[in-house]
Amino acid sequence: GDSVTQMEGPVTLSEEAFLTINCTYTATGYPSLFWYVQYPGEGLQLLLKATKADDKGSNKGFEATYRKETTSFHLEKGSVQVSDSAVYFCALTNRWSGGSNYKLTFGKGTLLTVNP
Amino acid sequence: NAGVTQTPKFQVLKTGQSMTLQCAQDMNHEYMSWYRQDPGMGLRLIHYSVGAGITDQGEVPNGYNVSRSTTEDFPLRLLSAAPSQTSVYFCASRPRGDTNYGYTFGSGTRLTVV
Chain R
1 GDSVTQMEGP VTLSEEAFLT INCTYTATGY PSLFWYVQYP GEGLQLLLKA TKADDKGSNK
61 GFEATYRKET TSFHLEKGSV QVSDSAVYFC ALTNRWSGGS NYKLTFGKGT LLTVNP
Chain S
117 NAGVTQTPKF QVLKTGQSMT LQCAQDMNHE YMSWYRQDPG MGLRLIHYSV GAGITDQGEV
177 PNGYNVSRST TEDFPLRLLS AAPSQTSVYF CASRPRGDTN YGYTFGSGTR LTVV
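Going down the list, the sequences are from chains R and S. Counting along the first sequence from 1, when you hit position 24 you're at 24 in this note's numbering, and nothing is skipped either side. Counting along the second sequence from 1, when you hit position 87 you're at 203 in this note's numbering, and nothing is skipped either side.
Listed below are the simulated DSS-like cross-link pairs for lysine-lysine, each with C-alpha atoms no more than 30 Å apart in a straight line:
| hint | chain 1 | residue 1 | chain 2 | residue 2 |
| --- | --- | --- | --- | --- |
| 1 | R | Lys56 | R | Lys77 |
| 2 | R | Lys56 | R | Lys68 |
| 3 | R | Lys108 | R | Lys60 |
| 4 | S | Lys130 | R | Lys108 |
| 5 | R | Lys77 | R | Lys60 |
| 6 | R | Lys52 | R | Lys77 |
| 7 | R | Lys108 | R | Lys77 |
| 8 | R | Lys108 | S | Lys125 |
| 9 | S | Lys125 | R | Lys60 |
If you want the ones that stay clear, here's a sample from chain S, every Cβ over 10 Å from chain R, calculated:
| hint | residue |
| --- | --- |
| 10 | Thr123 |
| 11 | Gln127 |
| 12 | Val128 |
| 13 | Gly132 |
| 14 | Gly169 |
| 15 | Val176 |
| 16 | Pro177 |
| 17 | Asn178 |
| 18 | Ser183 |
| 19 | Ser185 |
| 20 | Glu188 |
| 21 | Pro191 |
| 22 | Ser196 |
| 23 | Ser200 |
| 24 | Thr202 |
| 25 | Thr228 |
Now the in silico label distances, taken between C-beta atoms and shown as ranges:
| hint | chain 1 | residue 1 | chain 2 | residue 2 | range |
| --- | --- | --- | --- | --- | --- |
| 26 | S | Ser196 | R | Thr70 | 42 to 52 Å |
| 27 | S | Thr121 | R | Ser85 | 24 to 34 Å |
| 28 | S | Arg212 | R | Lys56 | 24 to 34 Å |
| 29 | S | Thr131 | R | Glu16 | 40 to 50 Å |
| 30 | R | Ala17 | S | Ala168 | 44 to 54 Å |
| 31 | R | Pro116 | S | Val204 | 27 to 37 Å |
| 32 | S | Arg160 | R | Lys68 | 23 to 33 Å |
| 33 | S | Pro177 | R | Leu13 | 37 to 47 Å |
| 34 | R | Asn59 | S | Ala118 | 12 to 22 Å |
| 35 | R | Phe18 | S | Ser185 | 46 to 56 Å |
| 36 | S | Thr131 | R | Thr71 | 34 to 44 Å |
It should be emphasised that the hints constitute simulated quantities derived from the structure, not laboratory data. In this text, a Cβ means the ideal position worked out from N, Cα and C, and glycines have one as well.
Whole structure, please, built from the sequences with the hints as guidance.
Structure representation (structure tokens):
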């Protein structure tokens, strides 16, 4: 079945540092890929998405590129802020998995802490 | 504001008690799902629904029931609570037919079973 593997955390950075959170996936066909963010005490919010190979999703200074050749969707930000401290989840949906396009398959999440 | 509303936000149950977690959305989304979030496990799908009157099991359905009598509501019932059901529960929804549309999540229900 489909699966998502993301970088183990926690990740601790200083403000204005460069961020990369690695995400790789296993899936048949052409899944859609997502990054969700969960701020402390809140639900998940969609951060960005990419729906086909070589697409780049971007939002709030975060970017991720859908790389089918390496089955990856790494999250990057050039200069993190304290307000970026949160848990980040990589996820996919896959209508090629026997038509089961309802399901989001999540990675385990990466806790990011940004210090002033 | 439009979105997914979950109640209650917090709940403590004794082993063996039953309860219903409520979920309502006002976006006319056909697809609705329940996930549980446990440390180091990510989010796992409990049950889902693709429309009123249609529900099915996800990865971890044991101990939970759902029903979908209206498009708006998708309650999750714990039949006989167990400590293993201590978790944070999230309800999510999205329109049917568009896998490129990300799910909208509720703010969660933190459940403790003692």
